[in-house]
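Starting from two chains that each stand alone, build the complex the way the hints lay out.
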Amino acid sequence: MSKGYAAWLFVLPALIVLFLFFLLPVLAGFALSLTDFDLYALADIHNLRFTGLHNYLILLHRPLFWAALGHTLYFVAAGVPLSITASLGTALLLNSKLAWCKSFFRTALFAPVVTTLVAVALIWRYLFNTRHGLINYLFSLPGIHPVNWLGDPRWAMPTIILFAVWKNFGYNMVIFLAGLQTIPEELYEAARMDGASAFSQFRHITLPLLKPTLLLVVILTMSGYFQLFSEPYVITEGGPLQSTVSVLYLMYRDAFKWWELGLASAEAFVLFLLMFGVTAVFLRLVRRGGER
Amino acid sequence: MWLLLLVAALLLSGCAGTADTRETLTFWAMGREGDAVGRLIPAFEREHPEIRVRLQTLPWAGAHQKLLTAFVGGSSPDLCQLGNTWIPELAEVGALTPLSARVRSSASVEPGDYFPGIWDTNIIGGALYGVPWYVDTRLLFYRRDLLKRAGFDHPPRTWAEWARQLRAVKATQGPGNYALLLPLNEFEPLVTLGLQQPAPLLRDGGRYGGFESPGFKKALGFYGEIFGNHWAPLVSTTEIATVTDFARGYFTFFISGPWYIAELEHGMPEELQNAWATAPMPGPDGPGASIAGGSSLVIFRASHHLRAAWQLIEFLSNPTVQRKFYRLTGDLPPRRTSWKNSILANDPYALAFGEQLERAKPVPKVPEWQHIAGEISVVGERLAHGDLTVDRAARELDRRADAILSKRRWVLSREKRN
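As they're listed, the protein sequences go chains G and L.
Positions in the first sequence are counted from 1; adding 1 to them yields this note's numbering.
Positions in the second sequence are counted from 1; adding 13 to them yields this note's numbering.
For the record, the hints were derived by calculation from the structure and aren't laboratory data.
Careful, some of the hints might be misleading.
[As the list claims (entries may be wrong)] Once the Cα atoms are required to be at most 25 Å apart in a straight line, the calculated DSS-like pairs of lysine-lysine come out as:
1) G:Lys-168 to G:Lys-212
2) L:Lys-374 to G:Lys-258
3) L:Lys-79 to G:Lys-258
4) G:Lys-258 to L:Lys-420
5) G:Lys-4 to G:Lys-103
6) G:Lys-4 to G:Lys-98
7) L:Lys-374 to L:Lys-231
8) L:Lys-374 to L:Lys-230
9) L:Lys-353 to L:Lys-337
[Unchecked claim] To spell it out: a stretch of chain G is covered by chain L in this simulated footprint if at least three of its residues, at any positions, have a beta carbon under 8 Å from a beta carbon of chain L; those stretches are:
10) 122–131
11) 238–249
12) 257–263
From the three backbone atoms N, C-alpha and C, an ideal C-beta is built for every residue, glycine too.
So that you can see chain L by itself, here it is in the shape it has in the complex (with noise of 0.2 Å):
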């Protein structure tokens, strides 16, 4: 009883002693990105003098754990970065707020103006759960000096070329060295491979793994021929410094993010400045798809300041705030507009990405997606040591996806019966 009063005392006292009658906005962002988007934000500020933004600043490490324990304990944050993986999954639980309706009525977000591959990302069952804040998508990072040695003045754009390639670098550089880069607790390179392909990765909408398709078959046989042929070290990531390495000529190429383009501007050493460029993915006959990523701002549906929230997105979504935003991060902006007339338009590093993200396609959008991108990672490690054939690895994909979707399927005949 005593404890009861004293609590309704401090909250008396709370509501008396607020002298600040802003609304107060509560914003997480992760890593880098809250870093810097805590300097855009007193311009939103002036811009809003009714609106005060709270912002906090979550590690990436423990921010995926965080959210849904946040969400679960009802004490989750206005709006949010989100990586456009992760939608599908808030989405399911019924976190996020749809923004369909918010976006036809605005002036300034322009669903056209966006890459469209990665627009996709933040539609689930139709409706619109994030508007994206920045984009990457993985591409070819290669040595151009390495590549003309053995005999070639272009980057592939056909995976024939690429493994014409891979084979005459291969032979140039020597035993001791390889011609690519594909880490074997990555999966995004196998994916990618398989996201060039026709057919969908999961199939009957995200009830079953489509993994038996003959196009992921074919970017299993190719996979498995670049490990077979020892193009490519049987390494994962803890065991290499890419930079240094890359610099070193273990290997000509690495497929990796808009990310790498700092990291090697920083690291690669002054003679080899010049030495390193960006390639668009090669694909089974022609320029290829790749990986849609990325970050996207969303509402969740327990927030009492939806308008403000979206007035806050709106904010971050002009062109001259991405573009001030790309000059503090390095993260590429989503809309077309904001590559326009900007320092990126010509950046030969970035042109490459800007042309990839015009191919960038969605993974999966399903909750179970990152655990099956995980037994991606692990069948393709075991198809590359020569454990497993290429249709034991598919056959054996599809057995683990169909088991991780089996919760799935029970849902969505259950909700279909309702």
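One chain only, chain G, in its complex shape (with noise of 0.2 Å):
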């Protein structure tokens, strides 16, 4: 038995998964949006029509679609750096000699990524209510006027994005502490004795070890917040005037609820080419910066 033969052998079994539970559902959502497939093809089949690329071009020219892209890449856009920032920024606190009661923080900073979306989600929407909630309550002591949180377009995003970052920034935090806790102690050390600063050492030392995690980190991060969906699905409903419709809400709306699939999988399509380019991109770019 040769060697290369061998070796298909053991990938096999994993070459076999990845084509039954990735490739083949790819494809099929691909065949899928170049057709009408709705209601009616499923009553007969014989209402079913090849349209090429049509559902394509509908969402070229559907403003819904655009906006809905417009809210998801908005989010991607504030939410990962913000995330990223607040999980970096506790791991760093919880890492720190200084910090006390440790395992406390950790727990409590974590817990939010363990509770139920739905539930909290629920919280979050008494806390910004407009005119019982405790949020405008207390910008009402300084004499703030009443923010429309989830009411007001411009702010119910805002509202979401904030959301999603207190509930997901814990998980990113563990991973952080995991790769500070990789770093040797001796490194500092030595930094210290050059005379470095507190941010010459994070700068020279923390950042370039981090690298590796922060790269996973920004990855998972930004594919997660791609498909955005359970936030605006529980707090808004996609409102107000449609300003929390993400694609993946959109494509959600059409598929289950109005059995739309063909332009549904054509959603699903470009979200996936989307997110495929933009992993692409970040990569090529880290990759480019390694080598200088």
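Shown next as structure tokens:
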């Protein structure tokens, strides 16, 4: 038995699983997106028409799709940096030798990740209620005018971003914490002896050594944030004035509420391509940065 | 091969093992109704010892999706509770069995005894696909004390009178409060105003939107006026605690269904228990129509127990059983006989519903209706925010409805050719 043959045999199970559960559904989804599969086709398969790229054309002409794309990009662009800053910041604080009650804070900051999204989303809805909410009450103490958090199209998305960051930063914090603990203490000691300030220690020791962790976290967070769905689904139902409709929310609505499976598949495919593209570009940028 | 043998063996033993010779009927019901009907079924099984009912309760939230996937996957139940706006969709895919002949030969189900608008929701293309089980419609809930303070001793009957009352209430209640709640994420209020007009919401047999009709434009105009004058706040249900805010006087009127009777009886503070009431919807010139809602009982085409399923429908349509069902759930019965000689006849809150149900009208019976209704609330929200004029909103609605209905037009023209 040749070596190559044996190697293929070992990889085969994984390949089969990948083919069955990843490649095949993607191809089927793509095929579906070339048709107008809907309720009528469900009733009688003769009502199915092959429409080529028509669904994609519809999407390009659909203002709501562009709006949803815009909202999703807004959520990613604002949410990912915020989330990572919050995670890294809290991880640094928890890793500091000056911190006390470390395990308590670690648990407390991680708690939002493991709570049920629907339950905490409801609590946030109460907190951010315009008239009876705690947040506006606190704002009113120094005399700030009440903000219509979830009813104003300009404020609804920032509120959702705030919620998502709060809900998710603990997860990345734990990963960062693990990354920080692998950095040898001697490096900091040496730097301190050379008179490096806290900031230059962070810049020249912590950041470079944390780079692989950082890369992983950015990619994971980005792909997670592109799939914004539960937050608007539970908190705002896409409103007000559809200002929190994301691509995934739109796809869910088209597919499972209106049964326009062809169109929804096209939406799914566009989102897939977008995420694929952004991740690829990001990886290339990082690699080029590494070579320099 | 081994697998086949194993399956065959299992099937054989399964057949041999059934000691229960009764006919098993699978019945899907949703939410609260599912829980309540479980208490009526033992009586049915006593009446029909040869039938065993297997009741499964589904949560409302996932019910629609579950029904369609069950139909596609060939695992649909024998009979099912179905919200009457879902009937066109399931009838279109051919999931339901027509019941017209059974009703004609039935001794107990009398079409003339049902509220006509409700019965009508079950007729798709001339055939009957369901029997109404319980009904709902939407009407006015209002604060009598606050209306009185504004100078009125009776609820409105016409839009003009309503507008005068809204203006007066807004003036007496002050800038922080409003006269009426019309949640922006609900399409029902605007659709109700539209249904009160003579022209149908969809024209040409449900092929095109009919939203540019003078009647619907009047409805849009009134809707816009309500928000333009700040008689209603720009909020959606996610930002409102209806009972609490109603008790606080944040709004004096709201439009909702019979389920709010129990909510208010439990939720309103003691001193306000006599301060609220229900009233039929005011119309453009006199009492107006409202949406015919509720659930029907339907039988799936794939069922092998058509006769037994029909017997259960007849049992649940019996006025005595319907009265019991009302006491268990608070759901209003669809037959006039069930209203007579029952606690309903003396319930002041339910009386308005009884009157409104005589004027209930079905929404357009096309599978795309839910989708179009969603667009109505979106466009209505933009109108309420002042982003669209009445004419532009009407044109936008027709444009969206026509696009949604394009596949339907193609299917209908194709059916005509064949």
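Hints and how they fare:
1. About 24 Å separates the Cα atoms of G:Lys-168 and G:Lys-212, which keeps this hinted pair within 25 Å; it holds.
2. This hinted pair checks out: L:Lys-374 and G:Lys-258 have alpha carbons roughly 24 Å apart, not beyond 25 Å.
3. Our distance criterion of 25 Å between C-alpha atoms is met by L:Lys-79 and G:Lys-258, whose separation comes to about 11 Å.
4. Distance check on the hinted pair: G:Lys-258 and L:Lys-420 sit about 17 Å apart at the alpha-carbon level, within 25 Å; holds.
5. Between G:Lys-4 and G:Lys-103 the alpha-carbon distance is near 51 Å, which puts this suggested pair outside the 25 Å criterion.
6. Only pairs whose Cα atoms come within 25 Å are accepted, and G:Lys-4 paired with G:Lys-98 is rejected, the gap being roughly 52 Å.
7. Taken as a hint, the L:Lys-374 and L:Lys-231 pair is honoured in the structure, with Cα atoms around 18 Å apart against an allowance of 25 Å.
8. Straight-line distance between C-alpha atoms of L:Lys-374 and L:Lys-230 comes to about 19 Å, which keeps the hinted pair within the 25 Å bound.
9. With a C-alpha separation of about 13 Å, the suggested pairing of L:Lys-353 with L:Lys-337 holds against the 25 Å cut-off.
10. For the segment 122–131 of chain G, the stated coverage by chain L holds: 3 residues have a C-beta nearer than 8 Å to a C-beta of that chain, and at least 3 were required.
11. Figure legend: the segment 238–249 of chain G, annotated as covered by chain L; annotation consistent (5 residues with Cβ-Cβ distances under 8 Å, at least 3 required).
12. Beta-carbon proximity to chain L at under 8 Å applies to 4 residues in the segment 257–263 of chain G; the threshold of 3 is reached and the given coverage holds.
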